[in-house]
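Visitor: Chains as they are written, first to last, in the numbering used here: chain X, 1 to 436; chain B, 437 to 754.
For the record, the hints were derived by calculation from the structure and aren't laboratory data. Each residue gets a CB set at the ideal place from its N, CA and C atoms; glycine is no exception. A portion of the hints provided could be inaccurate.
[Stated by the list, open to error] Quick list of in silico lysine-lysine cross-link-like pairs, DSS-like style, CA-CA up to 27 Å:
1) X:K252 / B:K599
2) X:K301 / B:K510
3) X:K393 / B:K510
4) B:K510 / X:K306
5) X:K245 / B:K577
6) X:K306 / B:K577
7) B:K577 / X:K272
8) X:K294 / B:K577
9) X:K393 / B:K577
10) X:K245 / B:K599
11) X:K223 / B:K599
12) B:K599 / X:K272
[What the hints assert, rightly or not] These stretches of chain X come out as covered by chain B in the derived footprint (C-beta under 8 Å, 3 or more residues):
13) 29 to 40
14) 203 to 210
15) 231 to 240
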Amino acid sequence: MKTLLKCAAAALALALALPADAMAEDSIYVPLFTYRTGPFGGSGTPIADGMHDYLAMLNERDGGIGGVKLVVDECETGYDTKKGLECYDSVKPKNPVMVNPWSTGITLSLIPKASVDKIPILSMAYGLSASAKGDIFPWVFNPPATYWDGLSEILKSAGGGSIEGLKGKTVGYLYFDAGFGKEPIPLFQALAKDVGFNLKLYPVAPADMQNQSSKWLDIRRDKPDLLVMYGWGAMNPTAIKEAVKAEFPMDKFISIWWPNDADVAAAGEGAKGFRTLNWHGTGANFPAIADIQKLVIDAGKSQTPKAEVGSVLYNRGVYNSVLIAEGIAQAQKITGKEVVTGDDVRRGLENLDLDAARFKALGLEGFAGPLKTTCFDHNSHSATFVQQWDGTKWVKAGDLVGPDTAKVQPLLDEAAMAYAQKNAGWPIRNEVCDNK
Amino acid sequence: MDLFHAIFVDPFAQMISAPDLLAQTVWEGFVAGILYALIALGFVLIYKASGVFNFAQGIMMVFAALTLVGLNEKGVPAWIALALSVAVMYGLAVAIERLVLRPLVNQPDIILLMATLGITYFLIGFGELVFGGSPKSMITKQLYLPEGAINLHVLGGQVQLQKLDIAAAVIAMLMVAGLALFFQKTRIGRALRAVADDHQAALSVGISLNQIWVIVWFTAGVVALATGIFWGARSDVSFALQVVSLKALPVLILGGLTSVPGAIVGGLIIGIGEKLGEFYWGPLLGGGIESWLAYMIALVFLLFRPQGLFGEKIIERI
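Only chain B is shown next, with the shape it has when bound in the complex (with noise of 0.2 Å):
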């Protein structure tokens, strides 16, 4: 009875006696939300177009912030570092597409995952090399990114809302609607979702399959500095950074491998959901549960809907 009592009636009590304690938790989980969508948005782009499961996503976050901030530190202007950095994004894009899936066009799709495990060991390794283990910290007032907090007196208590976090939830929308009409309005948007839909046929009209993949390497590498940015302003910038990435796999079993609306969608179930699961029934297990609780949240889904929320239903009839 008392078990019942603690996760049926305590928490949603604690929820009503505490209302402005459950708004902090929402934004919490919506701000990690957005940041988990902008990693698995990374990982989707790339699928989409060479339906290559991109293992080095979460390195590539590392390597752009590190970048930026290594350029800035050697003396380079943050603006000028931030252009430079995205030009180091578009050169390692060119970089994979001539390197690593030129030579494996046509390979099995395991060996494009192993192929991308390899380009994370090397990004690792040489991010080491150029800019040392150590962690640095995010150049925020050099890009006039806001600091300090809003704070709401609302709900009978207080609500914080970190300017920074506000930045990043507006950013990663625009990013989003920005490559929701590139997509959609663009000529080169409407090549990648025919390459996303059959390789073949696309080649067949004209579509250059490299240029498109360099294209589509080079966006999630932009979108993979928004989030180096945001996550190394909320902690510091460090190869420990690739591991929140980790986080983009539930959100990508949620939303499925190739929705970027349900990277978006995805990623706010799981990030709100991990949270007000570890506030409100984590004390339950001793705490610490969000590191699993993603997965499961993820995997509850996956009963009901096996491709995702968002995710192409595949029938194969034999």
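Chain X with its partners taken away, still in its complex shape (with noise of 0.2 Å):
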């Protein structure tokens, strides 16, 4: 009798701790790290409402998946690595087809566990560039374009469609001092060293996201000749409004894709011109957002406000939630099921391929450029453009650029060799590849 009282109260702690969905054999179950509160909730709210409401939509319009639903269970993070951590640990006994860390910090945290546990993971344009490596990080995908990538493009884009254009300036670098800041560091000296220009780097504690005056003192007494900021939550209005304040030329200072519309409409008609890199267009006039207003905002399954749609970070969040439901497509393409595990989605997220044709049959057309994985690239080093702000909305400043390949390769196998080097035991790639 005891025993079966156990079994029972064994079953339903399980059914407590699993929602009903999840349980369902004919559903796939996709957890996202969201941060919708803290000091980090003004960039992640957009980004979540975004991932949900295009997965939502696919639920409402297509019945999900290849005819399977999808289970899209939020964890809330607050950009903290241990509660990443947290929420990975809470959601792994639910088979989940793939993570979506949204922090640099609990990406890099979640890496060494990714092959042992089977579940990959998506950090689409963030965490460790050097994972775009298939043959050393087989379970992680950080498409479109890595920091790195970025870093390239925006310099190519200022030394005139050359690096070396930039030779004997002076190139400051403000940055959130924590692991997705720190990122492209070792690519900046090094490009620093051997183009030959001055990098002076401006580091802002996360304490210190919204009391940046002293960052903008040395750059007023050192005088780049460019900024290129890497900022995230509260830093990028604050930055964006000390260079208002500070007269900082806005020709001079570029960022990384993450500031938002809101963060540059805060710093009033003095952020006229200022410049970030995008892959994605913004707004929301495509026939795919459309149907997320209809069947999702209007039908009342989201709390997305209206304003928010079309946001360069909500429309982020649709293209990340697009790599995802293309990543479980192209797993049942290949193994020939509808119910997808982890295993099987790292194989779809290997074999990503998004042409203009395929964005159009998304509903997507024109949204963004070609983007194709293999085993080996897991990142597609997809080019971008420079946007900039008019004072309202983004308006395209320039034609694609595409990463300095030549420059950049190099630097990223030795990277990613480190990294399999410095952590002992790390595992010869075995995984199946599909597109040799």
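Dock chain to chain to rebuild the complex, using the hints, since each chain is given by itself in its own frame.
Guide: See the structure below:
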């Protein structure tokens, strides 16, 4: 009788622990690590909304992917690595087909776990740049461009089409002093040495995101010819406001792809001309986003404010979910299974092929440039473009610029090898490859 | 030798060669210091009256500023929103006194500290529930706060004074003067000082402890609102502002937990010290030193004055 009671209690505990949908055998479990609260909620919320809404739209419009419903489950990390790991431990027993950490710090902590737990990591355009190398990191995917690609694209644009154009110049780097902001420093330092520009580092501690005046005094003293920013959360609007206050020329100030519309708008008229990289469309004028509006937002199945739809970070969230959906769809195609596992989706993510025709079929014609992953290239190293704030919206300020592969790739190979060597016992790839 | 030069010669040479930058650095430190002092003032007021180290002071600043901006977003005119925000802070003070402080009378200090941690998490959750997690812009124009800068062409260069920063400094000084007068010249102020000196003696002469607590928490709430307006105007109004409030801790260590002048002087020393340190000596350590330099400055002071600059010297004989 005691054993029976114990079994009943265990079954009840298990039933309570798993969401009803996740237990269903005919569903695919997709956890989203998000942050709608805390110091980084301003950046995290539109991304979380975009990710959620696109997947919810697929459930409403298409009944999921390949006829299988998606169970979408958010876990709040607060952009805190410790909480992110707790989220990971909480979703792991529910057989997720992938995780989306949305934090470089969380990604770095999960990379060693991915191959052990057989759960792919999708760190879209963030995380460890070297994880683009699928031969060393078969379980990690960071399309469509790495932080290193982004940096080389910024420097190429600023150098008039070539990084060599910056020779003899002073280049400042204003960055969030954590895993994310530190990520491109090795490349930056190598390029400074190689090309011959003077690199000035301006780290902004997380505690000083909204207290940057001394950094801007440094910038005033050094008078950089180009100021590159890798910021997140409250750091971005504060930095743009400080730049306006300091009358720093906006044509010399450019950011990696993270500032959102609201970050720039807060700085008022003076922020006109501020530039960032981007690789996808802004605005809501896409059929897929119209479907989101109709089937999800207007139907009251999302908390997204209407004004947020089409902003840079909302559309970034949509793009992330396009990758999730395409990875799952490819996995279904490769394996012939409807309900796929993490192992299957890893194969799917290695076979992403988003060309113009595919984007059109998804209702996102002209939304982004082509993306193709392989077993060895988990990134695609896509071209990006510079967009400029005109006071009310972003406008394209240049053509697509690809990374400086000749300079970046050898350093990326070196960094990936160094990572594997530093982590004793790093597994040699023996995962299936479908596109040799 | 190079290191000696980099530490003891080069920074001073820079100060002499570019005095405009030195003046700008001191000004930035002064403004930051004033704002740190305002946050610290909130801590001091509550600690003096109730012996509670109010960990919730930072989130009170965020909550007050969010209330102001949130009400304005809902269509309430700015000045009415400001008055309503003050009223909300009064309501919060009454609620804290009734629901937290009164039931915990005579509990050890650590219990009261933990209670303020609880208030912090409650206000974070409640604030996010009501106002959402997205950052908001401070309504500087609607509050007629000045914009733009005064560019002084002095010392062989340019010193830029933001009008908003000047307004912050003036309002902060007026608030401090007002509070000093309130404590020294009014009946309630004297009652508050009596409570701070000895709770039981104050009770025995008919001072209502509960009433005093409400007044003090409300005053700290108004100070938090003023601080939130100026910090919010410098960046934005978001929960990230709460982190800034941690800068009040070294100010309190330095100035003493019980001293209003200590909070002001401590704030200025920390503000100016960290900006000078970051600007002139930061590059030697790769930059980003201001987040810990404030604590180092406070620790150095503690070596010589453990009770802080203006704190009361506690002598316990055993």
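Visitor: Check each numbered hint from earlier against the structure, then list the numbers of those it violates in ascending order.
Guide: Hint 8 is the one this structure does not satisfy, whereas the remaining hints hold.
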